[in-house]
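Engineer: Residue numbers (my numbering), protein chains in the order written: chain A, 5 to 497; chain B, 5 to 497; chain C, 5 to 497; chain D, 5 to 497.
No lab work stands behind these hints: they were computed from the structure.
Heads up, some of the hints might be wrong.
Given that identical chains are not distinguished, each listed pair holds provided it fits within a single copy or across any two copies.
Calculated cross-link-like contacts (lysine to aspartate or glutamate; reagent style EDC-like; alpha-carbon spacing at most 16 Å) [said to hold, decoys possible]:
| no. | residue 1 | residue 2 |
| --- | --- | --- |
| 1 | LYS455 | ASP293 |
| 2 | LYS244 | GLU475 |
| 3 | LYS144 | GLU200 |
| 4 | LYS144 | GLU190 |
| 5 | LYS482 | ASP141 |
| 6 | LYS244 | GLU369 |
| 7 | LYS482 | GLU83 |
| 8 | LYS159 | GLU200 |
| 9 | LYS244 | GLU479 |
| 10 | LYS244 | GLU226 |
| 11 | LYS244 | ASP298 |
| 12 | LYS426 | GLU102 |
| 13 | LYS482 | ASP360 |
Number of protein chains: 4
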Amino acid sequence: MASLNRESTPAAANGTSPPKPHSEGFLVRGRQAVRRAWRGWRRSTGAPIAGNIAADLPDRDLALVRQQIDTCLAARGGEVSARAIAADLGRAYIGLNETGRWRFFDLLARDYKADRDALTAAAAALQAATDDATFADTQKQMRHALIPPRLRLLKQFNGLEEGVKFLVDLRADLMEITRRHGTDPEFQALNRELYELLSSWFDVGFLELRRITWEAPASLLEKLIVYEAVHEIRSWEDLKNRLDSDRRCYAFFHPSMPNEPLIFVEVALVKGMADQIQTLLDESQPAADPATADTAIFYSISNAQDGLAGVSFGDFLIKRVVSELTREFPMLKTFATLSPIPGLRAWLETAFDQGDLTLEAAQAETIGRLNGNSDPTIYLMALFEQSDWLTDDTIAEQIRPILMRLCVTYMLTTITDRMGRKRAVDSVAHFHLSNGAQIERLNWKADLSQKGRRQSAGLMVNYLYRLSDIERNHEEYKGAGKINCAGAIKNLA
Amino acid sequence: MASLNRESTPAAANGTSPPKPHSEGFLVRGRQAVRRAWRGWRRSTGAPIAGNIAADLPDRDLALVRQQIDTCLAARGGEVSARAIAADLGRAYIGLNETGRWRFFDLLARDYKADRDALTAAAAALQAATDDATFADTQKQMRHALIPPRLRLLKQFNGLEEGVKFLVDLRADLMEITRRHGTDPEFQALNRELYELLSSWFDVGFLELRRITWEAPASLLEKLIVYEAVHEIRSWEDLKNRLDSDRRCYAFFHPSMPNEPLIFVEVALVKGMADQIQTLLDESQPAADPATADTAIFYSISNAQDGLAGVSFGDFLIKRVVSELTREFPMLKTFATLSPIPGLRAWLETAFDQGDLTLEAAQAETIGRLNGNSDPTIYLMALFEQSDWLTDDTIAEQIRPILMRLCVTYMLTTITDRMGRKRAVDSVAHFHLSNGAQIERLNWKADLSQKGRRQSAGLMVNYLYRLSDIERNHEEYKGAGKINCAGAIKNLA
Amino acid sequence: MASLNRESTPAAANGTSPPKPHSEGFLVRGRQAVRRAWRGWRRSTGAPIAGNIAADLPDRDLALVRQQIDTCLAARGGEVSARAIAADLGRAYIGLNETGRWRFFDLLARDYKADRDALTAAAAALQAATDDATFADTQKQMRHALIPPRLRLLKQFNGLEEGVKFLVDLRADLMEITRRHGTDPEFQALNRELYELLSSWFDVGFLELRRITWEAPASLLEKLIVYEAVHEIRSWEDLKNRLDSDRRCYAFFHPSMPNEPLIFVEVALVKGMADQIQTLLDESQPAADPATADTAIFYSISNAQDGLAGVSFGDFLIKRVVSELTREFPMLKTFATLSPIPGLRAWLETAFDQGDLTLEAAQAETIGRLNGNSDPTIYLMALFEQSDWLTDDTIAEQIRPILMRLCVTYMLTTITDRMGRKRAVDSVAHFHLSNGAQIERLNWKADLSQKGRRQSAGLMVNYLYRLSDIERNHEEYKGAGKINCAGAIKNLA
Amino acid sequence: MASLNRESTPAAANGTSPPKPHSEGFLVRGRQAVRRAWRGWRRSTGAPIAGNIAADLPDRDLALVRQQIDTCLAARGGEVSARAIAADLGRAYIGLNETGRWRFFDLLARDYKADRDALTAAAAALQAATDDATFADTQKQMRHALIPPRLRLLKQFNGLEEGVKFLVDLRADLMEITRRHGTDPEFQALNRELYELLSSWFDVGFLELRRITWEAPASLLEKLIVYEAVHEIRSWEDLKNRLDSDRRCYAFFHPSMPNEPLIFVEVALVKGMADQIQTLLDESQPAADPATADTAIFYSISNAQDGLAGVSFGDFLIKRVVSELTREFPMLKTFATLSPIPGLRAWLETAFDQGDLTLEAAQAETIGRLNGNSDPTIYLMALFEQSDWLTDDTIAEQIRPILMRLCVTYMLTTITDRMGRKRAVDSVAHFHLSNGAQIERLNWKADLSQKGRRQSAGLMVNYLYRLSDIERNHEEYKGAGKINCAGAIKNLA
């Protein structure tokens with residue numbers, strides 16, 4: 005499932021393990037705020053199970069859970085009562101450990117899916133329908149049969165305080181457990197249903213774009229620090245710098261999770277297209293006057309909710325932000341990113357290994373001169389692990405053209421996905437190209453952090469969002485997998 | 005479709021024609037605010053059709069609309085572009101007259117429904133699936149096939165300013181047109197799909213309960229005046245009285261329609277169970293001290309959005325409000341309504357006509373003494389049209405026991421609905437009984453307005469919400485159609 | 005004191021009796037909200053007097069009040085305790101009738117003024133001071149001696165909920181009582197001190213300018229209806245029209261009275277300088293597109309708080325609003341008023357009576373032709389009372405040049421005030437000329453309301469605020485009493 | 005002037021140099037936000053001086069400043085124009101260095117004070133007045149004469165964005181410069197006038213009490229970190245701990261400085277009276293359930309604005325917070341502080357030196373046993389500098405009763421102030437006793453920080469606020485200097 009996320013945004017695509025406090029964080033708060041809030045949903049009849057079941061959900065307790073679920077689904081006592089039972093189940097879930105949660109998901113996955121008989125009956129009716137009216141009726145019948153009991157159960161949570169966040173984190177738990185325990189078609193089906201439910205709830209039309217400033221609640225800013233997945237926020241001072249008068253930060257929010265950013269982007273307002281990330285993040289630099297800027301650089305986009313993996317917000321976010329910035333700063337002429345190239349090193353390694361890629365003779369010769377090593381590709385790969393060669397210009401300047409060309413090759417490489425469509429092999433490139441951007445410029449010594457050096461030998465790339473080309477680029481890429489890029493890039497290739 | 009509304013709330017159930025400014029109101033604003041807002045969604049390519057098509061949508065313009073819909077569905081240019089096209093279509097729709105709108109719905113109803121071939125293929129695959137993984141996959145395939153193109157089109161509107169309100173009003177238009185032009189299975193299917201879409205969006209879990217006071221924006225209060233459907237708000241002073249310190253008004257709102265109440269309830273905090281509506285609405289009465297009240301009387305519940313007919317909020321609203329009031333006024337002991345009996349007169353007339361109901365001898369004799377008329381039922385029915393007999397105690401006191409008994413008979417009468425379930429014949433009774441209330445008391449000379457006299461000879465009823473009985477009452481009514489009522493009512497019957 | 009208000013703004017200057025619900029309104033609310041709020045200020049020792057004194061404050065109860073005041077001023081028990089006593093006194097005051105209030109003011113006026121001995125001692129010390137340090141100290145001593153005990157008492161109210169509004173209304177009561185009971189130097193001194201206190205608190209620097217729209221709370225809009233003093237707001241629909249998209253309404257608010265406008269102005273955005281008030285107020289006119297307007301017409305300015313008479317906000321309000329409008333609508337080129345001429349008829353009457361003004365021969369002849377009456381001025385004056393001559397063009401067109409010339413004469417007439425400064429005789433003219441405006445145009449048949457015809461035979465005037473001239477105009481008027489006006493006006497004169 | 009602050013609150017009273025970024029901080033922001041905001045106040049005539057004068061304000065530029073001040077005071081062009089000039093002067097001031105500011109203050113202090121002739125004339129008139137009316141008039145005349153031109157100038161700033169904060173910081177600058185350049189009666193008089201102006205503006209009745217939580221803007225929380233003057237906030241995590249669910253933080257704000265706390269207090273909700281500050285500040289402690297707390301401990305009160313030295317908020321703050329807490333947690337029974345004893349060590353040293361204090365024989369003997377040193381007081385004083393003896397119970401337990409008794413002696417010691425009133429020698433004690441608290445308990449090993457050990461050998465004190473005693477305590481202390489304390493304290497003494 006992680007691949008859903010990988011395909012859509014750079015956040016989870018950078019190859020490192022991002023901080024993962026989401027679900028756990030929720031559980032911690034769960035023990036305090038949510039449990040308190042949900043305790044308020046008292047049923048007028050029946051005993052609660054929360055507090056009375058063991059953390060690993062042994063068979064006896066699983067039976068209690070099943071009974072509670074059945075009562076909820078029977079909706080005896082009306083909808084308010086059903087929600088009270090859901091709150092009880094939610095509090096019970098929060099108290100479970102990993103084994104308990106696995107057993108809970110297993111219960112949902114096997115015993116509360118859509119009814120097979122009803123589905124086959126509906127399918128038969130649908131095939132048998134002759135006139136329009138009957139055909140419409142059978143569709144309605146089929147739509148109904150397709151809603152599994154577990155979905156009716158989970159939907160109850162949207163009416164509880166923090167209930168939507170609970171479901172988002174529940175899906176994150178499910179994906180994490182799937183990752184550890186191996187794939188199972190039943191779990192996959194459950195995950196798919198959760199994904200479709202959350203996709204409909206988190207339709208981008210329902211989201212609110214908010215600018216985040218240093219005036220925002222500390223409790224919200226704290227989450228940016230945790231959720232930032234591209235360039236780690238090292239301190240509150242680092243964060244304050246990213247919210248300075250020559251910066252902008254925007255996030256999408258959902259009305260049911262008003263204090264939880266879904267995705268956020270950090271923008272620097274600069275003169276000319278930025279080519280170095282450490283300069284942008286340097287807190288000691290004074291703020292520039294944003295009124296004099298001609299370029300907006302999107303230097304970080306992070307998905308904040310693991311449980312929303314596969315739900316795509318990034319495209320809309322960038323375009324809404326471009327539109328906001330254009331209104332505030334009519335002088336802005338260029339909208340571009342300064343992006344990592346997370347897959348470069350891994351791809352090169354595999355490509356060299358499998359012989360898909362070879363160095364040109366002149367390149368090999370240059371490296372040979374630097375190093376007596378018999379295999380220049382091994383030398384090249386080793387550079388990604390070292391920290392000093394980039395500052396040694398006698399080496400760096402010779403390596404530069406070689407790596408730049410290899411990187412262009414990588415950037416323009418496409419693969420074919422499960423649906424048979426061509427797409428860029430680099431996940432970040434795929435994200436921006438899908439949005440209609442083009443590859444504008446490679447930047448040497450652009451990210452000197454350890455991560456930057458390891459992933460891409462310090463290289464970064466600018467993707468350019470030119471409003472007049474976005475629709476065409478998008479169509480060409482989506483259709484034929486065409487990767488648009490600037491002339492200079494083409495020349496390098 | 006109107007019956008959906010009738011079944012669920014008293015608002016549309018009172019037999020009069022409520023004010024219907026919703027859709028029209030929207031169109032009026034449409035010509036100003038919405039058109040302006042949506043003009044902002046500029047496409048980078050392609051010409052807009054809004055402004056270039058005739059109001060009755062002749063064939064030539066219908067072709068333009070079709071072309072625009074196709075472009076939108078093809079999603080060329082990405083999702084932002086798709087929304088821009090939707091905005092254009094929306095502006096075009098707003099400009100249509102009734103004929104134009106009929107033709108627009110006809111286009112959607114016939115040419116953009118779910119694909120029959122895809123559905124039958126999915127049905128076949130579903131039936132053929134053997135293992136769990138395949139079965140899950142075929143469900144996913146079927147879910148996809150069930151989403152008609154028109155739904156993908158209409159969903160685009162949720163991202164536009166006022167777009168959700170647009171869809172709600174669009175459905176109101178569709179139902180109105182259906183009412184006038186007669187039922188058509190294709191139109192019904194379209195309506196059903198819109199209903200299901202709006203049901204999922206307006207799930208009660210996403211709604212916000214807000215108290216409405218005299219501090220609320222005038223633009224919102226103005227809507228209460230328009231939307232009130234039970235006891236007409238005659239002036240701003242009348243409204244102010246209903247928001248006084250011994251009153252409460254609560255409404256549900258949806259995040260995408262923050263200034264549009266969906267349903268609202270008016271509550272009076274009084275001592276003892278209120279038995280007269282004019283007293284409650286008398287502006288000259290000083291406000292009582294709410295701290296001394298022991299009873300909360302729900303004296304008006306109105307659905308505000310015709311386009312959400314069939315989406316049920318009332319049950320949740322009443323229970324949330326009971327919970328709010330209990331927190332604010334722990335002294336409250338009784339929660340009850342003072343409700344109209346909208347169907348009494350019409351039902352009596354039919355029942356007498358068809359011989360389903362006859363007067364007892366003593367009753368007939370009593371009436372005979374008052375009136376030499378040979379048919380006492382005709383005399384009774386005539387009273388509903390007259391205004392003076394209620395103030396003439398020599399008549400009223402003799403008629404009173406007769407009408408009270410007839411009314412009890414009516415209140416306890418059940419019918420069987422399309423699904424074979426027994427339900428109360430009175431729509432308001434059905435609403436409150438479904439929520440778990442019981443019939444507590446009939447009130448004589450309770451509504452002396454013309455409407456009150458015509459519908460129910462001035463009778464009103466209190467439905468009692470006793471928290472400890474709600475679940476049981478709900479189950480007994482939903483299950484066996486059992487109508488719970490107070491002992492005094494039973495004695496009358 | 006009323007003259008302070010009269011001199012400064014057109015609101016009280018129009019010669020009619022404006023609605024006066026302020027003080028009374030406060031007392032009404034006082035019996036509910038304020039009394040409740042202030043009851044919360046419980047003293048830990050000592051019994052409250054509120055509730056225990058008679059409404060006309062007989063001697064025995066006056067002694068109780070005096071004792072309570074003394075305790076408050078002694079500030080035993082600390083400042084919080086002092087405020088609790090003030091709250092008690094405030095509640096007692098609210099319960100007084102007019103006689104009681106007169107006796108309360110009398111008590112403050114005579115027994116709680118600044119101490120004469122301390123003042124003369126401070127005066128002696130001040131005169132005796134030789135070195136700078138001593139001189140500074142004696143100033144401090146004098147400043148202290150000048151603060152009468154009653155001011156220390158009244159200042160306690162600023163910390164109570166609605167306490168500042170209480171003081172404002174208290175001063176309104178004081179002025180009203182002075183008006184009825186005749187002037188008294190002691191009452192005048194008390195009023196002067198209250199004026200100075202309120203002036204410092206309501207310094208324009210502390211005020212907040214807010215735009216008022218139809219989205220404002222009904223409880224606020226209701227106050228506009230009550231406070232409007234120039235052109236009566238006849239209904240909520242009339243009000244809504246004045247807040248339409250081609251209108252603007254701005255008010256000043258004080259942080260301690262967040263729901264009470266101090267002064268408000270109504271503006272119409274139009275093409276060309278408006279010449280007719282009924283057209284502006286016509287609810288049936290559709291809203292114009294404000295983006296196409298080139299002129300902002302200030303057609304009503306009303307002071308809302310009688311108790312702030314003499315505290316001047318109007319100048320700042322107009323200039324702040326001009327600045328807001330300029331920012332929102334850069335296309336606006338002209339800022340002008342459409343103002344009443346409230347004193348025209350009364351001035352003409354007196355001037356004719358006293359022989360200060362005579363008609364020219366040709367004018368008298370014209371009138372003679374219309375009317376055999378021997379005295380043309382009596383004929384002229386009678387027209388102000390009649391309603392039909394303005395619609396009879398055979399008369400109106402002959403009278404027009406005569407009244408226009410007389411009006412110009414009036415507009416340019418100056419008087420000398422108590423300070424020996426020249427000022428325009430018309431109060432509204434004085435207000436706008438003081439602000440730096442110039443008289444731009446007289447408008448015939450501009451206000452056809454009964455009030456407009458009676459005061460000024462339907463004439464109205466445009467005052468023009470030209471930003472580049474405001475400072476110069478202001479200085480010339482303030483200095484030499486020069487009345488600037490447009491060339492056309494000069495020609496008429 | 006600093007002594008005003010020292011006398012009134014513990015913040016500046018703790019003997020250390022608190023962080024002083026206020027004025028400087030303002031200047032830094034001044035260079036950005038304020039300069040930008042004030043640039044908007046364009047005069048229609050006359051050139052601005054800001055940007056055209058040297059930082060040390062040489063004579064030539066001083067003349068420009070004088071000219072600008074004169075223009076402002078002449079108020080030519082109306083009040084809006086006067087404010088524009090003030091904005092220009094403010095921007096000029098912000099650009100000055102310390103010398104320039106000294107020269108600016110010198111100009112105000114000598115050339116813009118109240119007019120001596122007018123004052124002596126007013127004094128003569130006041131003395132000559134015979135009847136009441138004249139006497140009232142002469143008071144008005146005197147009040148007018150007492151307003152120096154510089155005050156009229158400075159008042160202009162209240163209408164500018166951040167203008168009130170500017171004046172507060174201006175006074176802080178003035179006091180700082182006075183501190184460095186020595187006292188001057190003219191500067192003192194200027195400071196006094198500023199103090200009186202700010203006192204009237206910052207009257208506690210105009211202040212707003214706000215609770216500060218982790219949901220507050222980061223920009224506000226950042227200020228708490230800077231302004232905390234009692235127990236340094238070491239990090240954002242430390243701050244978050246102080247805002248946890250078992251803590252409360254309240255601050256006073258002024259409407260004209262909505263983002264600047266004036267004074268704030270930190271409260272812990274605990275069981276029993278806290279006796280150790282490090283335990284309270286330990287971030288690793290889990291939050292207690294505030295519902296189970298019986299005691300509110302005020303463990304830090306800090307004044308935030310140096311420029312408001314002498315303006316007293318603390319008394320009101322504590323009482324308002326007690327009232328808020330009582331409402332939120334009716335179970336709270338005890339309200340007390342855990343306070344430093346900042347002057348203990350310094351006082352002991354002086355008292356021993358001057359022979360005002362001697363050890364009892366038994367005390368001296370005990371110390372002698374611990375240490376052969378010939379002077380036990382020197383040994384005692386040395387302990388304040390050492391860090392290890394407190395953890396060595398063989399020493400600590402013997403020293404404990406000696407230091408506790410000395411501390412009680414100190415706590416009960418009074419001095420006589422300039423006005424001849426008796427007050428506690430300890431500044432923090434004076435603050436709380438003035439508010440009506442009593443000394444409740446001394447705590448051993450209560451503050452083990454370096455500052456705590458140095459100032460008071462780790463001792464801290466609880467002051468108890470018992471609502472029923474506050475008024476009496478306050479009166480007894482204010483009147484006769486009586487220091488109320490618990491029986492256990494009396495026994496120690």
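Engineer: What label fits LYS144 with GLU190 when the C-alpha limit is 16 Å: within, between, both, or neither?
Structural biologist: between (25 Å within a copy, 13 Å between copies)
Engineer: Using 16 Å as the alpha-carbon threshold, which applies to LYS244 and ASP298: within, between, both, or neither?
Structural biologist: neither (23 Å within a copy, 39 Å between copies)
Engineer: Given identical chains, is LYS144 near GLU200, meaning Cα to Cα at most 16 Å, within a copy, between copies, both, or neither?
Structural biologist: Classified as between; 10 Å across copies, 18 Å inside a copy.
Engineer: Between copies, within a copy, both or neither: which fits LYS455 and ASP293 at Cα up to 16 Å?
Structural biologist: The answer is neither: 31 Å in one copy and 43 Å across copies each exceed 16 Å.
Engineer: Treating 16 Å as the Cα threshold, decide for LYS244 and GLU369: within, between, both or neither.
Structural biologist: So LYS244 and GLU369 fail the 16 Å test inside a copy (48 Å) and across (59 Å) alike.
Engineer: Please work out whether the CA atoms of LYS482 and ASP360 approach to 16 Å or closer within one copy, between two copies, in both situations, or in neither?
Structural biologist: Result: close neither inside a copy nor across copies, 25 Å intra and 69 Å inter.
Engineer: One pair to classify: LYS159 and GLU200, alpha carbons no more than 16 Å apart. Within, between, both, or neither?
Structural biologist: This pair counts as both: shortest intra-copy Cα distance 12 Å, inter-copy 15 Å.
Engineer: Is it within, between, both or neither when you check LYS244 against GLU226 at 16 Å Cα-Cα?
Structural biologist: This pair counts as both: shortest intra-copy Cα distance 11 Å, inter-copy 11 Å.
Engineer: For LYS244 vs GLU479, is the C-alpha pair at or below 16 Å within one copy, between two copies, both, or neither?
Structural biologist: Result: close neither inside a copy nor across copies, 39 Å intra and 49 Å inter.
Engineer: Between the shortest in-copy and the shortest cross-copy C-alpha distance, which are at most 16 Å for LYS482 and ASP141: within, between, both, or neither?
Structural biologist: Neither, since 36 Å and 24 Å both go past 16 Å.
Engineer: Indicate which option fits the pair LYS426, GLU102 if close means a Cα-Cα distance not exceeding 16 Å: within, between, both or neither.
Structural biologist: Close neither inside one copy (38 Å) nor across copies (47 Å); limit 16 Å.
Engineer: If the cutoff is 16 Å on CA atoms, where do LYS244 and GLU475 land: within, between, both or neither? Let me know, please.
Structural biologist: Neither way: LYS244 and GLU475 sit 35 Å apart in one copy and 44 Å across, limit 16 Å.
Consistency with the previously given hints fails for numbers 1, 2, 5, 6, 9, 11, 12, 13, ordered from lowest to highest.
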